[in-house]
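Peer 1: Based on these hints, arrange chain B on the given structure of chain A.
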Amino acid sequence: MKLDPEVLARVQFAFTVTFHIIFPTMSIGLAAFLMVIEGLWLKTKDPVYLEIYRFWMGIFAMGFGVGVVTGIVLSFEFGLGFAKFAQIAGPAIGPSIGLEVLTAFFLEAGFLGIMLFGLKRVGPKLHFFATCMVALGTQISASWILSANSWMQTPDGITFENGRVVVTNWLRVIHNPSWLVRLPHMLLAAFITGSFFVAGVGAWYLLCGKHEIFGRRTVSLGLGFATVAVACQLFVGDLLYGKMLHYQPSKMQAAEGFWEENSPSPAPYNWIIIPDQTHQRNRFALATPVLGSLWLTHSLRGRVAGLKNTPRDLQPTMGMVFYGFHTMFIVAILMFFIVAVSLWLRVQQRLFSTRWFLRALVIMTPSGFIATIAGWYTAETGRQPWVIWGILRTADAISPVPGGAMLSTLIAFVVIYALFITAFLIFAFRMIRRGPEDAPDHAEASGSLVNALRTQVMDHAAATHPGEGR
Amino acid sequence: MDLPLFSAAFAALAVALYVMLDGFDLGVGALLLREPDENLRDQIINSIMPMWDGNETWLVMTGVALLAAFPLAYAILMPAFYLPIIVMVLSLGLRGVSFDFRSQAVGQWPRFWDITFSLGSIVAASMQGLILGGLLQGVTITDHEFSGSVFDTFRPFPILTAVSVLAGYIVLGSGWLHLKGTAAVRALAERSLRRVTPVFVGLATVTCIAAAFVQPGIKAAWAAHTVPLVMIALLFYAASAILMTAIGGKSDILPLLLALLQFALGIAGTVLVIFPDVVPFRLTLWDASSSAVSQICLLTGAIVVTPMILAYSAFAYRVFRGKTPEKGWE
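Protein sequences, first through last, are from chains A and B.
For the first sequence, position 289 (counting from the first letter as 1) is numbered 289 according to our numbering, and the numbering increases by one without interruption.
Position in the second sequence counted from 1, then plus 470, gives you our numbering.
Quick caveat, the hints were computed from the structure, so don't treat them as lab data.
Under 10 Å between C-beta atoms, here's a sample of chain A residues computed to sit facing chain B:
1) 400
2) 408
3) 419
Glycine included, each C-beta is placed from N, C-alpha and C at the ideal position.
Next up, chain A with everything else stripped away, as it sits in the complex:
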């Protein structure tokens, strides 16, 4: 069997980055959730909020740790698999990634320790401030990374001199055309993910008849946040769709599953297709008539552009983009359905007693992760064959490393990451099964951080804020 370094480099990057993105998504979502919960606790002094805070902080801390170690890998991987990409893109996105590293360091060094270990030691107000800073820090980190990735989608602010990239306008490298739409899209995705995660665990407690008050409150809050975030996401998602249709038409052509330059009129909406890239047609398509025109052109008879509008050598692989996009889209429809039903049940005051709905919430617990990963697959496979849109093809960016070496490291990544995720899931399930009442008042794990700063620094802070300590 011939091992193709291009395929292997892409599979390896896809695997490691997919694994990694689970954890930052969780950190961004849960950090924002914890911030709101602690704010509510400070305002109402209701002990249930404190219980919710302590319980979710434990899971947040462990996820943060795995996120940090899997993130270190990525900072080297640009060069390991895609040396030419690193050489061309380094001058543009290197500084952004450097600033992300510094942000992350500050977040960890400055505030995560207080957040995880200091609840009893620094007093509630200072602790709330630390939680806010951690939540803000995760979002600033995301901003840098999204800026770098958006530059790969819509590069700006550079010229070429002697075959090297020269940055002409630093602001336009950071603030490139798609950044400020893709960033809110990702942040909302993280908030939605966190909300469904929280609501799903609460619903499971209600179904088991355990931790009744905790369960009710988290189901209610999780669904409340999800409702707001899903509503915002409808708007941002639509905005991004338009933006990408403008900047990367081939991505959206592939995402909708049409081949011909103009679809029939009225256009159907494709749900399942078996695309045949070689013959530029679908072998099979399951579609709803007229819906394509309605959704995609907002008219009764509008036509949708197909992938043949893009020259063959510039086309992405339709199957990957289509299924990435449709997985995200279908999960989004399910989420929309859930939050709509939740509003109805809330009005009826049956939110906590409708068992089929609680069961649906439990099933939806990982839905946000699935949608986020599928969305990233749309973004990244849809950008192909480019790694930097219009500037560098993925095939030309591959490192001079033989396929055999890439395959062995891929296997090593799979084995070791399998160990990580297994351990993480075992510990997370154990925490969930143990329930909120037994959650300790400080986190047991922290990916980093100064597990121990707790004693000294906190005592010091408690001594300087004696009024606030309890």
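Peer 2: Same frame as chain A, now just chain B:
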């Protein structure tokens, strides 16, 4: 203003800090395998708990500084050291989660995470030595692109440097435990310092001699900078001799300081030999540098943040000064 020189100085500072700081906690990890008593293992781990992740920040900074300021060098070195870098980051990752998971695990599992922690440390240290050896022996490049084999780094000379670096890290780690450990842990540190220091000095000597044979550039450097390099070597031997007499002495910190001095001298010698190349003997830092705007962005961030990181690290080390309590920090 010579921006590439400043960026190179920043990258060199990051590497030097990384080697000296993470060096001792990797060495401590390697020593953990030798300690059968679980309570002592807890004390050993607790001694590095507060600093290890701050130390690793410098590794990431090194990579990112290369990417932003010397993209050409980054694009040559990453594929050249493809295998050792991946094995290193995986080992460091394994080490990182072991910290987390050992406190969560029950039954026999803490032992499992201790072993992964220790093996992760040993393998990561060896991979760093392989990379150093590969750099000194010289990577094969054609037209500013890596054109050698990914297995080049497993030649005899890099393997020799790998063993030397691991031995050096164990000396650093033992020095650290000499400072932080009480009773049994300190005794372990003394035993290990007595045994490993002479081995490290011997290996370092052999490595330096062998380097001149595998790489003509190093021979030329010896000829060009004979006096400073001989001075560095003599200081290294003097530091090693004092270290041997300081083991078990009144000063807890002296062996660690001397081991750090050994590393500082080694780094100074290496810089002297390879300057001004960013890919040793192949590519100078000016040839590999990125545009001025990128360098300015990187350096601005570095100038603002480096003092803060250093201050924070100093603070963390100060907070945890003195002996590690036998019952942990709680």
